[in-house]
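Asks: One letter stands for each residue in the lines below.
Protein chains: 2
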Amino acid sequence: MAEEGVKLYGFWLSPFSRRVELALKIKGVEYEYIEEDLQNKSPELLQYNPIHKKVPVLIHNGKVIVESQVILEYIDETWKENPIMPQDPYERAIARFWAKFIDEKFFPSFRKAILGGETEVEKVIEETKENLKILEKVLEGKNFFGGERIGFVDIVANTIAYWVFLFQEAAEKEILTEEFPILCNWKDKYINHNIIKETLPPKDKSVSFFRARFAQSKASS
Amino acid sequence: MAEEGVKLYGFWLSPFSRRVELALKIKGVEYEYIEEDLQNKSPELLQYNPIHKKVPVLIHNGKVIVESQVILEYIDETWKENPIMPQDPYERAIARFWAKFIDEKFFPSFRKAILGGETEVEKVIEETKENLKILEKVLEGKNFFGGERIGFVDIVANTIAYWVFLFQEAAEKEILTEEFPILCNWKDKYINHNIIKETLPPKDKSVSFFRARFAQSKASS
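In order, the protein sequence lines correspond to chains X and G.
Residues 1 to 221 in UniProt numbering are what the first sequence spells out, letter by letter.
Residues 1 to 221 in UniProt numbering are what the second sequence spells out, letter by letter.
Treat the hints loosely; a few may be bogus.
Below, in silico cross-link-like pairs of lysine-lysine (DSSO-like), each with a Cα-Cα straight-line distance of 27 Å or less [said to hold, decoys possible]:
id, chain 1, residue 1, chain 2, residue 2
1, X, 137, G, 173
2, X, 123, G, 53
3, G, 189, X, 54
4, X, 123, G, 112
5, X, 100, G, 142
6, X, 105, G, 137
7, G, 41, X, 63
8, G, 197, X, 100
9, X, 100, G, 100
10, X, 63, G, 105
11, G, 105, X, 112
12, G, 133, X, 53
13, X, 129, G, 112
14, X, 54, G, 105
15, X, 105, G, 63
16, X, 137, G, 80
17, G, 133, X, 112
18, G, 7, G, 112
19, X, 41, G, 137
Keep in mind the hints are simulated off the structure, nothing from the lab.
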C-alpha cells in the first residue's frame, strides 16, 4: 500500500490531475493512482466529489480533498519537505494571484482563441497575447515562476507549458510562438525537467485525442 | 497614520472590499480606507491593479495585494491573532473549497437566477436552490461556517448573508427564503454580529443602487 494511504483519482489527459501527481512526486510521496473513465465515472468518484464530479480527487488517510489548487496547498502543508509555496506571506499571495490568473483569465481566453468561431476571435487572440506578455514579464530573469526551482505557479502553469501546445497542434493554430521567447525558453526547461517529464501525457496520443474532440465539437456546433 | 502602513482601496457596496475590512477588524489592524469611484477609477487603483483594475487593493508597507480571497489569506498569515483560517491543513483545504464554491458556483448561479431573462431561468433557480441546500448541510449543527466563530468561509459568504437579500429586494424576487431555515438563522446571527454590522453597507441606499442598476441593464438588453 502507498505511504500513509494516499490515493489519487485522475484522468491521464487532465492537466489538473497531472498537477497533483507532480506535487506528490516533488514531495516524494508514494501514492496509488486510479484512472477514471470520464465517460463512465466510478461510484467512488461520484461519492468523493458529489458536487463537481470531477478529477482530481486526493484521498489521504480517508480524508477527501478536491480542486487541484486546493489539493496542491494541502500537499504542501502536509508534507513539508521540498516546499512548493514560498515561505513569505507576501510571496505566497503573489503565487496565489498568478495561479488564479492562469486558471481564470489566461486559459479560458486561450481556449476561446483556439476553439472560438469567427466572431470576435481576433479580439480574443489579442487578449490572449496580452496575457502571455504579462506572464513573460513575471518570468523575466528567472528560471521558473518559483525562482530557481519549480513552485506552485509552475505546477499550475503546466497548462501553458504543455496543454497549450497540444491544443495548438490539434487545432492547427498558433498563438504561443517564438514571439514569446521567455515563455518558450521556460517551456523547454519545463518539459525536459526530470520529474515533470514523467507527469506529461504522451504527445501523439494526446494530440489525436484533442483533434477528435475538436472535430466533434465543430460538427455539433 | 494607520498601523504598519495599511491602506485599503475599496468601494462601499463591494462585498469583496467589505470582506477585507471585516478581516482587518477581526484582527484589530488599523487601516486607512480610500473609497474608489468605479466610474472614474483613480490613477492609484490602475497602477496598483493594472491587470484586473478592480477593488479591493490592500497596500501593506508598500506591498500590493489584490483579489479578496488572496488578501484574506495574506492578512491571516501576517497578523496571527484571531485566526480566520483553521489551523489543520485538512480543515484549511475544506475552507478553501467552500469559499471557492461560494464565489465560483453559488453566486454566479444566484445572480443569473435573479437577473436572467425567461430562458432557462427555472433551471437556474433550481440549481441555485440545490446549492443552497448543500450549504445548509455544511452549516448544520454549527453557529458559523467557522464553527463557534466567524472564519474564512463566513467572511467570503457575506455575499450570501447580505448581498443576496439586497439583490432579492431590488429585483423583487425571492430564492433564499425561510425554506432554508439553517441559512436564515445563520444570516440573522451574521448581520447582527458586532464587528460584521460595521462592515455592511446601509440597506436602503444599497437596494436603491441595485434597483437602478438592474433597471438600467434591463433597458439596455
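Asks: Decide, hint by hint, whether the structure agrees.
Replies: Comparing the hints with the structure gives:
1. The straight-line distance between the Cα atoms of residue 137(X) and residue 173(G) is roughly 46 Å, outside the 27 Å bound, and the hint therefore fails.
2. At most 27 Å may separate the alpha-carbon atoms for a hinted pair to count; residue 123(X) and residue 53(G) meet this at roughly 19 Å.
3. Between residue 189(G) and residue 54(X) the alpha-carbon distance is near 34 Å, which puts this suggested pair outside the 27 Å criterion.
4. Straight-line distance between C-alpha atoms of residue 123(X) and residue 112(G) comes to about 26 Å, which keeps the hinted pair within the 27 Å bound.
5. With a CA separation close to 30 Å, the supplied pair residue 100(X) and residue 142(G) exceeds the 27 Å bound.
6. With a C-alpha separation of about 32 Å, the suggested pairing of residue 105(X) with residue 137(G) is violated against the 27 Å cut-off.
7. The hinted pair formed by residue 41(G) and residue 63(X) fails the criterion: a straight-line CA distance of about 45 Å is larger than 27 Å.
8. Among the hinted pairs, residue 197(G) with residue 100(X) is inconsistent with the structure: their alpha-carbon atoms are about 30 Å apart, more than 27 Å.
9. Only pairs whose Cα atoms come within 27 Å are accepted, and residue 100(X) paired with residue 100(G) is accepted, the gap being roughly 11 Å.
10. Restraint check: the Cα-Cα separation between residue 63(X) and residue 105(G) comes to about 23 Å, which is no more than 27 Å; the hinted pair holds.
11. With a C-alpha separation of about 21 Å, the suggested pairing of residue 105(G) with residue 112(X) holds against the 27 Å cut-off.
12. Between residue 133(G) and residue 53(X), the direct Cα distance comes to roughly 17 Å. Compliance with the 27 Å bound is thereby established for this hinted pair.
13. For the hint pairing residue 129(X) with residue 112(G), the CA-to-CA distance comes to about 30 Å; that exceeds 27 Å, so the pair is violated.
14. Taking the CA atoms of residue 54(X) and residue 105(G), the gap is near 14 Å; set against the 27 Å cutoff, the hint holds.
15. This hinted pair checks out: residue 105(X) and residue 63(G) have alpha carbons roughly 23 Å apart, not beyond 27 Å.
16. Between residue 137(X) and residue 80(G) the CA atoms are separated by roughly 33 Å; this puts the pair beyond 27 Å, and the hint is violated.
17. The suggested pairing of residue 133(G) with residue 112(X) is violated, with an alpha-carbon distance near 33 Å, which exceeds 27 Å.
18. Between residue 7(G) and residue 112(G) the alpha-carbon distance is near 33 Å, which puts this suggested pair outside the 27 Å criterion.
19. Distance check on the hinted pair: residue 41(X) and residue 137(G) sit about 24 Å apart at the alpha-carbon level, within 27 Å; holds.
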